[in-house]
Structure formats: C-alpha cells, structure tokens
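*Asks:* Using the hints, position chain S against chain V.
Chain by chain, the residues:
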Amino acid sequence: MSSDFYTVSILPHSGIIIKICRAYTDSQEDFEDYYQEVCLQIWKSKDNFREQSEWSTWIYRLSLNVCLTLLKKKKNNRQHFTSDSLQIEATEDSRVFSDEPLNLLYSAIRKLSEIDRAVILLYLEEKTYQEIADIIGTNPNNIGVRIKRIKERLKKLLS
Amino acid sequence: MEKSIEKIWKEGFLKNDALIAPKINDLYNQKSIDIVDKFRRLYKINIIGITLFALILLPIATFVHIPYMGIPMFLILMSVANFGMKFKKKLDAINKNANSYQYLKSFNDWTKEMMAFNTKISRFLYPFVFLSMVAGFWFGSFGGNIPGNDFVNRLLIEFPDMIMIFGLPLFGVIGLLFILILLAVFGGKIGEWDLKIGYGRILKRLDALLADMEELRTA
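From first to last, the protein sequence lines stand for chains V and S.
FYI, in this note's numbering the residues of the first sequence are -17 to 141.
FYI, in this note's numbering the residues of the second sequence are 7 to 225.
With the rest of the complex left out, here is chain V (with noise of 0.2 Å):
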C-alpha cells in the first residue's frame, strides 16, 4: 500500500476503523490485525468505491465487513481448537482507555451481537437511520425499535 494512499485516504477516516475494530476485538494484538486487515482490504477495494456513497460511508462498510468476516474465522480456529463451547465467549479486554466510562461502555458493546454491535456503532457515529440501514443492508423501519433495544441492554449492561 503505498503511503501516500494511507496518508491521504485512510488517515483521516481512522477514528472511525479503529471504533469499529475496537468493538470487535478484546486484545491489542487482535486490534491491530484487525486494524491492519482492514486498511489493506480499503487499498485492495478502492476501485470499486462507485462515489454512489460518502467515503466514508463507504469505509465504514467495509470495516464491519472486514471485522465480522474475521471474528467469524477466529470464532472457526476456536472451534477447531477446543471442546468446550464456552470458551468461545468474549474474553476481558486487555486494554484500557484513559476514560473509565468509554471502557466500561466498549466492554458493554462487545457483549452484544456482532450486528447489534454494528448498529449502536453507527448510531453513536450519528448516522441517520437510512445510513445505518444501508451500511448493514437492513430495512430503515426496524433501526430505531432495534436501536431502542440495545440502549436498554446497554444501560442494564452499565448499571
């Protein structure tokens, strides 16, 4: 990937990767694969960006793609590995922000659903229901009773 590609079209858009990778990993080992993977699958993917979306939209689409295709694979290596179901479950996250609530919020975020995990993303990144919809492929009917739904879970979560 050249740098100037990283600098110019990516950089600027980091926030939003690292919110999203952030969500779907519990270790900063993991957070930076993913990280990575995601810029790379960006740069590999840029010629079919059709600007029939904001960049950005479009970035944010692609994390979650890439971000749900690999905890899927890491979910699969798991299984492959143990016996015991339970330990496919999310681990403590090992890192930790210098803001004690944002933590405890992120830990309350990974203990939903990989796709109720995308959809409270993109409402906190203030995306209008049609956005969310688009991004996740969904109906922009049933955004807002969902998105009512996972706030009490996370509020239940947080309490």
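Don't take each hint at face value.
Derived DEER-like restraints, expressed as beta-carbon distance ranges [what the hints assert, rightly or not]:
#1 D29(V) / K9(S): 39 to 45 Å
#2 D29(V) / N114(S): 47 to 53 Å
#3 F59(S) / G(-3)(V): 57 to 63 Å
#4 G(-3)(V) / G204(S): 15 to 21 Å
#5 K16(S) / S35(V): 20 to 26 Å
Source of the hints: derived by calculation from the structure; they are not laboratory data.
No residue lacks a Cβ here, since even glycine has one placed at the ideal position from N, Cα and C.
*Replies:* Using the frame of chain V, we list chain S on its own:
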C-alpha cells in the same frame, strides 16, 4: 446525574489516547512467517517419515527374504532423506531478519530450487524403485524357491523356443525396459504431482501472498 451512552461516547473520544492508529507494518510479516513455518513443519515430517519407512522396510524385507528389494529401497530412501536434510538446512538458513518480501522471495527461490532438484532425481528415483521391486520379487526366496527361476522354467516348458537374454525372457526384458523408460520420462512429472499433493496448498498461498506484495510494491 447518570451520563447517556451518547455522551460517554463523545466525551471518551475527546481524550488523546482513544484514537491512536496502530502502525501498518506487521501483517505481512506475520503471514509470511506463518507460511514458511507451516512448510518447514511439513517438510520435516516428510523427511522423518521417509527415514522411518526406510528403517522399517529394511528388516522387514530381509525377514521376508526379499533383500534385493529391501537394500536398494533402503539406500534410495535414505539418500532422498539425506538430500531433504540438506535442503532443510538451506531453508533454515533463510534470513528471518529480512523484510517480509525478501523473506518470502528467498523462500520462493528455495522452493523452486528444491522442486527442480526433486524433478531431476525423480527421473531416476521412480525407475530405480520399480527395478528394486521387480528384483526383490524375482530374486527373492519363498519357501526355498526363487520365484524368477520358477517362472522362467515354467515359461520354457510352455514355450521351448522362447528367446532368452542373460537368462531372462526377451519379451520380459523389453517390457521391463519399456516401463523403466516410461518412468524415466514421466518421473519428473510424477515427482511434481507428489510435491503438489503434499505442499500444493501452502505453495498456492505463497504465490497469492507474493503476488499481493508485488502489487503493493508497485502501487
């Protein structure tokens, strides 16, 4: 008052440490080390397998009175294992401190050298193995009888005018030579198939990864 999740999110990311992007440098390193390590493990298992097979085959062949097969097979298998060990030493000597691209390039060069050598010796290996097997059974001893002699005697009773060469029926010698020539001609291809069965998946991954990296370098 309890903060809303929206507020926690916004305020949390105002802190400096929350959005630091990691450096992009290690992904290909990890992938390349993974591929070479897998190949090294498989290659080592293969060499150990060949050595064990040779060591087991020799006493068994002697025990069942087919030493003409057991001894040459033992020698050829041990030679193959020995060549394998020499190639493994070269593989271990590849500089791991080089960057991922150079590391994979060196590994790719090594696989090409190893495959070319394998193709070359396969032209001799397969005819030699076949000849050992035929010799083993022809000159073996089963219940005090030598099967080759028994076979020739029976043929001579049936076809007394049969042309013989060095005490062997001419058609048998021609047939044997024909098979040996076929094995010598196609031995290289058989060797290639053999390697593809064992290492094909890893070599494909290596090609894909190298192509990926070459594309990145030219971008």
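*Asks:* None of the hints should be skipped; say for each whether it holds.
*Replies:* Consistency of the hints with the structure:
1. Hint check: D29(V) to K9(S), Cβ distance near 43 Å, so the stated range 39 to 45 Å holds.
2. Checked against the hint of 47 to 53 Å, the pair D29(V) and N114(S) fails, with Cβ atoms roughly 27 Å apart.
3. Remark: the range hint 57 to 63 Å for F59(S) to G(-3)(V) is upheld by a beta-carbon distance near 58 Å.
4. At about 46 Å, the beta-carbon gap between G(-3)(V) and G204(S) misses the expected band of 15 to 21 Å.
5. For K16(S) and S35(V), the Cβ-Cβ distance of about 24 Å falls inside the hinted range of 20 to 26 Å, so the restraint holds.
In the structure shown, a violation is registered for the earlier hints numbered 2, 4, in ascending order.
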